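Just so you know, the sequences run in chain order A and V. For the first sequence, our numbering gives the first residue as 2, with consecutive numbering after it. For the second sequence, our numbering gives the first residue as 601, with consecutive numbering after it.
Calculated directly from the structure, the hints in this document are not laboratory data. Computed from a predicted structure; not experimentally measured. Beta carbons: idealized from backbone N, C-alpha and C, even for Gly. Among the clues, some could well be false.
Footprint (simulated), chain A over chain V, 3 or more residues, beta carbon under 8 Å [as the list claims (entries may be wrong)]: (1) 677 to 683; (2) 744 to 750; (3) 757 to 766.
Non-contacting residues of chain A with respect to chain V, defined by C-beta distances greater than 10 Å in every case (computed) [as the list claims (entries may be wrong)]: (4) 93; (5) 99; (6) 102; (7) 153; (8) 178; (9) 192; (10) 194; (11) 196; (12) 197; (13) 258; (14) 315; (15) 374; (16) 406; (17) 416.
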Amino acid sequence: MSKNIINGKTLQMLREKIESGLLPQWVLSDPDMYELELEKIFGRTWQFLAHESELPEPGCFVTRWIVNDPVLVTKTKSGEIKAFLNSCTHRGTHLCAADYGKQKSFTCPYHGWTFNLEGKLIGVALGDKVYGEEMKKEEWDLRPIPKIGVYQGMIFGNLDPDAMPLEDYLGNMKWYFDILLARSDGGMEVKGVPQRWVVQANWKVTSENFEADPYHVQMTHRSAKELGIAPKDPFFPGYGHQVVLENGHGINVITADATGRSPFPFQGMPESMWPMFERNLTSEQLELMRNAIVFVGGVFPNLGFISFSAPPLEGETNIYNYLNFRVWRPLGPDKVEVWSWFTIDKAAPEEYKEKSYLSYLGTFGPSGILEQDDAEIWARIAQASGGLMARDKELSYNNVLNYLMGLDRVEPDETFPGPGVAYPICFLDAVSRNMHKYWLELLIKDHSIAEGVYR
Amino acid sequence: MNPELQFDITNFLHHEAYLLDHRRYKEWLDLLADDLVYRMPARITTEGKHNEPNIMNEMTFFEETKKSLITRVKRLDTPSAWAEYSGPRQRHFISNIYIESSPKSGEYQVRSYFLYQRCRGSDLDIEQLHGERVDVLRKENGKWKIASRTIYPDQTVLRLINLSMFL
């Protein structure tokens, strides 16, 4: 019986394991753990909702999800970004079912209550005739997402009214986001809509894959090497720095080889844009951007990103850079809906943008030759983690996963120009261990393990 | 409509489906014209009339040329294309084939419905995608070639773990 309860003892055991570089496999498949995560992780962390370029004008809106909460993000008449629970305050109907659009108001199809872009209830069907004093209209506006924050065009929401400000939460990640999002005039823009598809995987697996795991590239993406698209060097992409950031975030700043110099400066961005980068970035940021060939990382818990450069699958030798954002929306312990945004510098030449888009589709879109194999592996983890042996909480079968790489051995590189704890190698589990630590911290927050039963 | 032409094109599309299902990709590539345009725009949900197409041409799932499809086929030949290792069993069900007016002489615009299903490994779930294709077919040296294909999926959120297949 005790096997199936997540209590203080279980969490204490998790802490001990995580500190020694191990993660019990049951946390990937346990339904109780999943429920706990929804509340303690997704109910309290900043969740990426949209990029400002998806809402170019007043009246524009997009609909999104924070796990199971439908969210309506609007741009008001005055240009302010607002976000609401996308559910009518009268009977709870899903208010706006469109993915995006532009309009002045939202009318509920059930009884016809109408809300404006500010979330105000502006129309009640037959209001005066059917409601008397029992209803004060101003008390029935759309329910706002408790906290909204925007950083460099990235719009986040938080369901926790007591959450720390977005900027504090992002912390050191802001310095790296500035490189990726604010290097060129006008910032980045989203093309079209995010692609969406469903993968049989635990959200921690997908998050870790982007945020913390360049080690998988040499095997999972070996076909790219065999095609002659990726370098033959088996150590690629271990070169560079893995950087541990606060609040569970992390980034890998990958270089082409041990020299730390890039054969294609600024990830292959057009030379005409380089002076712009020089103007918008500090000398330390510029140096990093000049030399890195890939930036890949994540904002805890489930926003991943990769700044990648590839040739379109045309046999073309020129490479084109793009920035891909991912939300791994949990749909269950073994299922995620992937939301994948293609973004590119607004200031990039149009022809370059088009080629970048083709590079993205060929590599990291759901048809991309790199993406395809990732999803296959994630699904295999879910397949192998649902049984009695993998799910045993007493670890009778030694069912722990290995996060030992570099533990107590690899020392930080003090000369690295960026903030955070930077290790001089990307084949490392430092960011993963950091994610697990923060994950556990959130799970046990406001609860005393000593009291015993946790739930 | 010319029944012989209808029969000819129907046969061609059924044969193509057979080649794809049996992973005879090199033979499939031979059916594609050198100037092929092959794309699959995203399906979206918008406010508005029911007869609006709800298609987002700006974002696609595939945006391919013959050259890029050759690269994709080459990748499947490598020993480490895990998504297709071992190859999922797949079926392309092609129906409702209708020849529309030919925009250029010698080229025919052909509409068809597709239902794509596959099983991966010993998964119990069947992955599937369905929708409509609009092809432009032309005869080159007496043989049909696909000059362009636009694939309109019905799903906004794809219930497939990847798009490693050709549609």
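According to the definition I'm using, a residue is off the interface if its beta carbon is farther than 10 Å from all beta carbons of the partner; does residue 178 of chain A meet that for chain V? 23 Å, holds
So is residue 153 of chain A really clear of chain V, every C-beta pair being over 10 Å apart? With a cut-off of 10 Å, residue 153 of chain A remains clear of chain V, as the shortest Cβ separation is near 22 Å.
Does the no-contact call for residue 99 of chain A survive, Cβ to all of chain V over 10 Å? Residue 99 of chain A not clear of chain V: closest Cβ-Cβ about 4 Å, inside 10 Å.
Residue 197 of chain A: least C-beta distance to chain V exceeds 10 Å? 4 Å, violated
Least C-beta distance between residue 258 of chain A and chain V, which was stated to exceed 10 Å: 23 Å, holds
Nearest-CB test (10 Å) between chain V and residue 374 of chain A: 4 Å, violated
At a Cβ distance under 8 Å, does chain A reach at least three residues of the stretch 744 to 750 of chain V? violated (count 0)
For residue 416 of chain A, is the shortest beta carbon distance to chain V beyond 10 Å? Since the minimum Cβ distance to chain V is about 36 Å, residue 416 of chain A lies beyond 10 Å and the statement holds.
Assertion that residue 93 of chain A lies farther than 10 Å from chain V (Cβ): 20 Å, holds
Grab the minimum beta-carbon distance between residue 196 of chain A and chain V and tell me whether it stays above 10 Å. 6 Å, violated
Residue 192 of chain A and chain V, when compared Cβ to Cβ, separated by more than 10 Å: Label violated. Min Cβ-Cβ 6 Å, cutoff 10 Å.
Verify that the Cβ of residue 102 of chain A lies farther than 10 Å from every Cβ atom of chain V, and report whether the claim holds or is violated. 5 Å, violated
The structure fails hints 2, 5, 6, 9, 10, 11, 12, 14 and 15 (numbered hints given earlier, in ascending order).
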